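K.L.:
These are the residues of each chain, in order.
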Amino acid sequence: MRYSALSLLSNALSGNRDWAPAWRKAEPKSTDYDIVIVGGGGHGLATAFYLAEVHGLANVAVVEKGYLGSGNVGRNTTIVRSNYLLPPNTAFYEHSMKLWEGLSQELNFNCMVSQRGVLNVIHSDAQRNAYVRRGNAMRLTGVDAELLDREQMRKLIPFADFDNARFPIRGGLLQRRGGTVRHDAVAWGYARAADARGVDIIEHCEVTGIKVENGAVRGVETTRGFIGARKVGLAVAGNSSRVAALAGLRLPIESHVLQAFVTEGLKPLIDHVVTFGAGHFYVSQSDKGGLVFGGDLDGYNSYAQRGNLPVAEDVIEGGLALFPNLARLRVLRNWGGVVDMSMDGSPIIDKTDIRGLYFNGGWCYGGFKATPASGHSFAHLIARDEPPDLIRAFKLDRFKAGAMIDEKGMGAQPNLH
Amino acid sequence: MPNRIFTERETMRIKCPYCGERDAQEFAYLGAADLARPDPEAEDASEAFYEYAYLRDNPAGILAELWYHVAGCHAWLRVERDTRSHVIHSVAYASAPSEAGD
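Chains X and U supply the protein sequences, listed in that same order. Position 292 (the first sequence) corresponds to 292 in our numbering; numbering is contiguous. Position 75 (the second sequence) corresponds to 75 in our numbering; numbering is contiguous.
If you are wondering where the hints come from, they were derived from the structure by calculation, not from laboratory data. Computed from a prediction, not measured in an experiment: that's the story for all the values here. You may find that some hints are simply not true.
[Stated by the list, open to error] Here are the simulated distance ranges between beta carbons: (1) X/GLN152 to U/ALA42: 57 to 63 Å; (2) U/ALA45 to X/ASP385: 29 to 35 Å; (3) X/GLU221 to U/GLU21: 40 to 46 Å; (4) X/GLY198 to U/SER46: 46 to 52 Å; (5) U/TYR68 to X/ARG392: 35 to 41 Å; (6) X/GLU317 to U/TYR68: 19 to 25 Å; (7) U/ASP23 to X/ALA5: 53 to 59 Å; (8) X/GLU221 to U/HIS89: 28 to 34 Å; (9) U/LEU35 to X/ARG2: 53 to 59 Å.
[As the list claims (entries may be wrong)] Not close to chain X: a few residues of chain U, all C-beta gaps over 10 Å, as computed: (10) THR7; (11) CYS16; (12) CYS19; (13) GLY20; (14) GLU21; (15) ALA36; (16) ARG37; (17) ALA42; (18) GLY72; (19) CYS73; (20) HIS74; (21) TRP76; (22) HIS89; (23) VAL91; (24) ALA92.
Backbone N, C-alpha and C define an ideal beta-carbon position, used for all residues, glycine too.
With the hints as extra help, turn the sequences into a complete structure.
P.N.:
Structure below.
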């Protein structure tokens with residue numbers, strides 16, 4: 001069923017009894033699929049959608065160990081932006097930004113794309129120099145960026161602590177096209193659109209083995225039996241090491257926990273996504289009124305989907321240094337997502353040494369905002385067995401070749417960005 | 001994970017053999033403990049150093065890792081911790097990986 005004002009009205013008149021489920025509860029087929037995507041999160045579902053939509057491949061299954069959208073696509077802070085420094089990242093995330101801008105129309109699903117602007121706060125002269133450089137790099141790649149002075153910042157965030165003794169606000173870098181997207185709607189929208197094009201979405205189906213014969217992939221063993229496939233794509237960031245190990249691969253990745261928090265609801269206060277420049281804190285206000293914020297990784301390997309209090313304290317301290325007026329807010333909930341931290345802070349989308357087995361992971365902090373471009377590029381790689389130019393830098397063997405995409409310039413360290 | 005109260009064992013207090021049980025905030029984390037630095041003179045040194053620097057087992061389960069008691073006694077500790085639950089199974093002074101032997 002196509003969603004429209006007319007369908008809304010006619011279903012309202014019939015008492016909302018006739019809405020069809022947004023996607024089928026598919027069972028695994030006994031015959032081979034052309035392609036099985038492991039992981040029913042944002043990236044896996046987007047990949048399946050673009051395989052069907054762009055490449056005309058619909059004999060595709062997405063297998064998900066839990067329910068759809070139960071992983072990181074529902075555990076992030078919903079921020080989308082393309083304010084990177086290095087060309088491979090800037091071009092890739094800008095492609096993603098452009099796909100976000102048309103996503104609700106493309107999927108016929110309201111993803112609540114809100115281009116409210118991403119505002120990086122500047123606290124020192126050195127930081128202004130760094131942000132001038134970043135802004136120029138963005139504009140050279142065709143991304144919008146504006147350098148703001150102190151007075152312009154006062155108009156945007158008048159309640160911030162401009163004269164903080166340690167971290168006075170000197171200016172900001174604004175990407176107006178950045179913002180937030182309703183994260184669950186992204187999973188549901190891609191799932192519905194992929195399902196409508198014939199993709200089987202198989203939930204509660206955990207992959208327990210990857211069958212490889214003569215160096216080529218043959219399918220996956222799952223908790224719901226063997227599923228045959230000519231090609232298998234892994235999109236299981238957070239658990240990449242575990243799943244890749246089923247095929248004997250050892251990855252340049254550690255799994256870490258990243259926490260996020262939401263406060264009680266309040267009237268409209270923060271109009272943008274704001275990031276603190278002197279510590280790791282970023283915040284936006286959800287449509288329900290809660291402030292959604294996050295910060296650094298906890299810093300130790302974890303698959304636990306929850307963090308500990310020291311980092312919560314650190315994040316909230318950073319927030320209060322920027323916005324002292326948040327001090328009386330209550331935090332309603334906090335949660336953790338398990339992220340793949342790659343060794344240079346940039347993602348990996350590549351073939352593997354096993355024929356027909358493709359890998360997508362290492363998303364670090366950047367997984368959600370990358371969702372459309374990741375799916376779009378991964379679908380191209382799987383369908384044509386050849387990476388699009390956009391992701392040629394995101395190779396699995398770049399660490400061996402010395403071709404790291406070291407956005408922070410810090411070397412091998414799995415807790416960047 | 002459903003909302004619940006976490007047990008004391010899951011809140012990651014590390015029992016330093018010298019200082020006693022302390023908050024994890026006092027410690028700095030390095031990562032996997034059993035990475036042996038390869039021999040730079042070996043034939044396959046380039047490959048071995050690539051694996052040493054970049055590749056990780058990253059287990060969902062017990063991981064032996066190095067913590068430094070930066071706000072305490074400055075000892076390097078070898079901690080066995082379950083990455084699925086954060087429960088710490090053992091803490092001991094770290095030694096060179098070849099001496100640790102396991």
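K.L.:
With reference to the structure, classify each hint as holding or not holding.
P.N.:
Tested hints:
no.	hint	in the structure
1	X/GLN152 to U/ALA42: 57 to 63 Å	58 Å, holds
2	U/ALA45 to X/ASP385: 29 to 35 Å	34 Å, holds
3	X/GLU221 to U/GLU21: 40 to 46 Å	43 Å, holds
4	X/GLY198 to U/SER46: 46 to 52 Å	47 Å, holds
5	U/TYR68 to X/ARG392: 35 to 41 Å	39 Å, holds
6	X/GLU317 to U/TYR68: 19 to 25 Å	23 Å, holds
7	U/ASP23 to X/ALA5: 53 to 59 Å	56 Å, holds
8	X/GLU221 to U/HIS89: 28 to 34 Å	30 Å, holds
9	U/LEU35 to X/ARG2: 53 to 59 Å	55 Å, holds
10	THR7	13 Å, holds
11	CYS16	16 Å, holds
12	CYS19	17 Å, holds
13	GLY20	18 Å, holds
14	GLU21	15 Å, holds
15	ALA36	15 Å, holds
16	ARG37	14 Å, holds
17	ALA42	17 Å, holds
18	GLY72	15 Å, holds
19	CYS73	19 Å, holds
20	HIS74	19 Å, holds
21	TRP76	15 Å, holds
22	HIS89	14 Å, holds
23	VAL91	14 Å, holds
24	ALA92	17 Å, holds
Going through the hint list in order, the structure satisfies each hint without exception.
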